[in-house]
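Colleague: Here is how the chains run, residue by residue.
2 protein chains.
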Amino acid sequence: MTALADLETPSLLIDAARMRANLARMAQHVAARGGRLRPHVKTHKSADVLKHVLAAGSVAGITVSTLAEAEHFLAAGMTDILYAVGITPRKLDQIAALQSRGGDMKIILDSVAMAEAVVARAAAMDTRFKVLIELDVDSHRGGVDPHSDTLLAIARTLHAATGTELMGVMTHAGGSYDASSDAALRRAATTERDLSVLAAERLRAAGLPCPMVSIGSTPTALHVEDLSGITEVRAGVYTFFDLVQAGIGVCTVADIALSVLATVIGHQEDKGWAIVDAGWMAMSRDHGTERQAVDQGYGVVTDLDVQPLPGVIMGSANQEHGILMMRPGDPRPMPVLPIGSLVRILPNHACATAAQHGHYHVIEAGRVTARWARLRGW
Amino acid sequence: MTALADLETPSLLIDAARMRANLARMAQHVAARGGRLRPHVKTHKSADVLKHVLAAGSVAGITVSTLAEAEHFLAAGMTDILYAVGITPRKLDQIAALQSRGGDMKIILDSVAMAEAVVARAAAMDTRFKVLIELDVDSHRGGVDPHSDTLLAIARTLHAATGTELMGVMTHAGGSYDASSDAALRRAATTERDLSVLAAERLRAAGLPCPMVSIGSTPTALHVEDLSGITEVRAGVYTFFDLVQAGIGVCTVADIALSVLATVIGHQEDKGWAIVDAGWMAMSRDHGTERQAVDQGYGVVTDLDVQPLPGVIMGSANQEHGILMMRPGDPRPMPVLPIGSLVRILPNHACATAAQHGHYHVIEAGRVTARWARLRGW
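If you read the sequences in order, they're chains A and B. The opening position of the first sequence corresponds to residue 369 in my numbering, with each subsequent residue numbered one higher. The opening position of the second sequence corresponds to residue 369 in my numbering, with each subsequent residue numbered one higher.
Since the hints were derived computationally from the structure, they do not count as laboratory data. Since the structure is predicted, the reported quantities are computational estimates derived from the model, not experimental observations. Hints should not be assumed to be uniformly reliable.
One copy or two, it doesn't matter: identical chains are merged, so the pair holds either way.
As the list claims (entries may be wrong) - Here are the simulated DSBU-like cross-link-like pairs (lysine-lysine), alpha carbons at most 30 Å apart as the crow flies:
1) Lys419 - Lys498
2) Lys639 - Lys498
3) Lys459 - Lys639
Could you put together the complete structure from these sequences and hints?
Modeller: Following this line, the structure appears as structure tokens:
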């Protein structure tokens, strides 16, 4: 076991107890409503973290954001994999290769044109792909209108072909990230559920199969009250949580399990600044709290025990420099952070901050107990 | 040789001809003023790119932003290395190890406290460190006031000790990124030069050595007219340039040598959106043009020949999804980008976008001619 003070800076830390509590909370929330989880691995990209996700229970399979993740987690033993980015025909060779190695792959699309392209490619390859239709429930990204004729046209195209198996519908209520009240989150969750069930019922009423009805996002997953008609819930960022989720009200700052360790390298005393050796390369350029009620800059600064230094944020960031300061408008003086001292910085967006690093250091009771690799690239 | 259409997406591309032209422009600008370059490798982090930087000439050594870069480029044969982030005593073991392998390392600091800590550590290690004093010329980050007594106090501390060798002064006029006119850039460049020369003269007048006077940033390096008294100029992003530099007026969009290849995976036709399989993971979350005269979203969209599609930007980005749209206010219709078609996206910030990738694909005359690895981590 290593002390925190023996780590080089910047380093990416997981508070293991907080992570386990986050995983248990989501697993229990979904299980209590009779649901199952298909956790998104894009947040952590680590087979070591996934072991803890599985240990928390209620897991039906995983969700990936890249085919590199699919390769990695299939090699680690996870076979039931949903690739939650719209497929293109050029990626089907890789999907087929994953299938030949035991991957039970599910792909998604949201147009007749792409459905026809997948059908054509499947015929040319003499293979078969399991396909879900992506739904748009909140106008934030891709997907078809659950009420549309297009939904049925895509479904018929997929169902009529021998090379594609219509598996159902999926959606991601990403618009929930703009919610700012518990009531708004419950409305987003209800809308996501209702429109997904509606789409599934329309398919079945047309004589089409719909064995999977997949919904999710961390905010809606934790606010959905009724999972009738839903076969699985997808979520990722709840693994670590972050300041954006705390700003939405889905967690508290004390739940955030990810932080970056940094060393104080200088001061500008007249400005009340302390400068650390962690900038946007270590934190990411994500400034997702900028439009929330409390702008946390590039992160909330804590002591080594992850207790926030009241009012202190990383107010600006260069590549390898972070400038710590009091949050604008906070009248308190900047605390003394001597040269060489260590701080931890809680991130705006766990997925983005973790993506800047090649591994995690795992902290249990203030000691470094493990180093876990994480995947990068595509 | 591979065709662009054979690459997986997203992929990071270097337009080799543009890169060589950018490197030649900077080398000639500095050489014409009797100066030498200490190029910053933090932008590209690639020994293959560095070969082209060296071929362009006028190079005195390199600048690094992490000790991992120092390790990497020392192994590639570069010995003269300036680590341009304020040192901490905990990093001196690694500096000493680099020196023992032939690295001619220069470190920086900006306080008497850190100078004393380095002196103490050098004595304990029985080794010697070459140190520059960081100057603050535009209040944007670290550094001491060139007019201050602190400058002389640090210099005396370093000069009096046997374990530290006072090498001179260095500054980075990062405030130049906020300039918006040629005149403002020339003023920033002149201020950076004048204050650095002033600091050097104050050291010499006090009987202290100052063999190095190191200045730089891409905008000021290309706007400095007189390098008298300056021993070297540091710059990095000019290697590739980017939309932020184009917004400042330091380059044009047609000079940008870095782009991300992406595939169109869907549309929301009523909104005029095309959705691609490159989001913030491929582009970074850098939105540095947001406060410039033209907000380029997460990037400017071009065809495969790097010709911009007029008015089309990546207006928003999720982890692996980018939403292409007309720039807000542009009345033209969104061009047709069929499903499966390829586009290239020019980045806001080359350092940040490159950091999201593990390698470059090098494009010469529209063909992929090489794959170059790049370094990540610390």
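Colleague: The structure should be examined with respect to each hint, and the outcome stated for every one.
Modeller: Against the structure, the hints come out as follows:
1. Lys419 - Lys498: within (26 Å within a copy, 47 Å between copies)
2. Lys639 - Lys498: Close across copies (29 Å), not inside one copy (58 Å); limit 30 Å.
3. Lys459 - Lys639: Only across copies: lysine 459 and lysine 639 sit 26 Å apart there, 52 Å inside one copy, limit 30 Å.
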